[in-house]
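Participant: Input sequences plus hints: build the corresponding full structure.
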Amino acid sequence: QPVQLTALAAAALGTSGFHLYGTKYVDLNDFGVVRIGRAVLTTAAISCDYLMSLKSVPYGTHEYDDLKSQVHLRSARRLQELCCANRGTFIKVGQHLGALDYLLPLEYTHTLRILHSQAPQSTLREMEQVIREDLGKEIRELFVSFEETPLGAASLAQVHKAVLPDGRTVAVKIQHPKVQAQ
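Sequential numbering from 1 applies to the sequence shown in this note's numbering.
Among the hints, erroneous ones may be present.
[Stated by the list, open to error] Cut-off 25 angstroms, straight-line C-alpha distance, at most; resulting in silico cross-link-like pairs (SDA-like, lysine to any residue): (1) Lys92 with Thr123; (2) Lys92 with Ser47; (3) Lys92 with Ile114; (4) Lys92 with Leu124; (5) Lys68 with Leu41; (6) Lys173 with Arg132; (7) Lys92 with Ile46.
[Unchecked claim] Label-pair distances were calculated between CB atoms; the ranges are: (8) Gly152 with His110: 36 to 42 angstroms; (9) Glu148 with Leu106: 33 to 39 angstroms; (10) Phe31 with Arg140: 30 to 36 angstroms; (11) Arg140 with Leu100: 39 to 45 angstroms; (12) Arg168 with Leu51: 57 to 63 angstroms.
Simulated from the structure, these hints should not be mistaken for lab results.
Keep in mind that this is a model prediction, so the values were computed, not measured.
Glycine included, each C-beta is placed from N, C-alpha and C at the ideal position.
Facilitator: Following this line, the structure appears as C-alpha cells:
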C-alpha cells in the first residue's frame, strides 16, 4: 500500500513537472542547481577525457602531442556547449577564456572566441516580454518597425534595429531575460 501511494505521488509530481516545463512556466535554467550540475558534469567529463585518453601514451611523443590536441579540442567544445546552455555569466566567462591565448591552448581560445560574436540569441517573444516588463508597452507602440533578427547577440543582451515614430533608425539593446536572476 505505501509503495503504491509513493509511486502514484511520484508519477503525479513528474507529470506536473513535465507539464509546467512544457508550458514554459518553469525553465530548468532558472534553478542554480541545474546550471551548477551541468558545470560539475562537464568538468568531470573533461577531466576523465584527459585522464583516460592520455594515460596509455608515452609523454613527449608525437602521438601524445596529437592526442592531447584532440582532447583539448573536445574539451573546449564541451566547455563552449556548457557556456551556451547556461548562458549569462557563463558566456561571459567563456568569452574571457577565449581571450587568454597567452595562457590557454589554442584549441580552447579558438573554440571559445566564437562566444564573442555568436552568443545564443533570445527569441523575439522573449524580447517582447522584456520590453513589456521594463517599459510597460508593446514593441508596436514604441516603434514603427522592429527587426526580428538581432544585429548581434552577446552574453547579457542583444541588439535589434528599429525605427522610431519620428523616422529615426535606432539600435535597441535588450537584456536577455533572466540575466538579473542568474
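Participant: Indicate, hint by hint, whether the structure satisfies it.
Facilitator: Hint check results:
{"no.": "1", "hint": "Lys92 with Thr123", "verdict": "20 angstroms, holds"}
{"no.": "2", "hint": "Lys92 with Ser47", "verdict": "22 angstroms, holds"}
{"no.": "3", "hint": "Lys92 with Ile114", "verdict": "12 angstroms, holds"}
{"no.": "4", "hint": "Lys92 with Leu124", "verdict": "22 angstroms, holds"}
{"no.": "5", "hint": "Lys68 with Leu41", "verdict": "21 angstroms, holds"}
{"no.": "6", "hint": "Lys173 with Arg132", "verdict": "14 angstroms, holds"}
{"no.": "7", "hint": "Lys92 with Ile46", "verdict": "20 angstroms, holds"}
{"no.": "8", "hint": "Gly152 with His110: 36 to 42 angstroms", "verdict": "20 angstroms, violated"}
{"no.": "9", "hint": "Glu148 with Leu106: 33 to 39 angstroms", "verdict": "36 angstroms, holds"}
{"no.": "10", "hint": "Phe31 with Arg140: 30 to 36 angstroms", "verdict": "34 angstroms, holds"}
{"no.": "11", "hint": "Arg140 with Leu100: 39 to 45 angstroms", "verdict": "44 angstroms, holds"}
{"no.": "12", "hint": "Arg168 with Leu51: 57 to 63 angstroms", "verdict": "58 angstroms, holds"}
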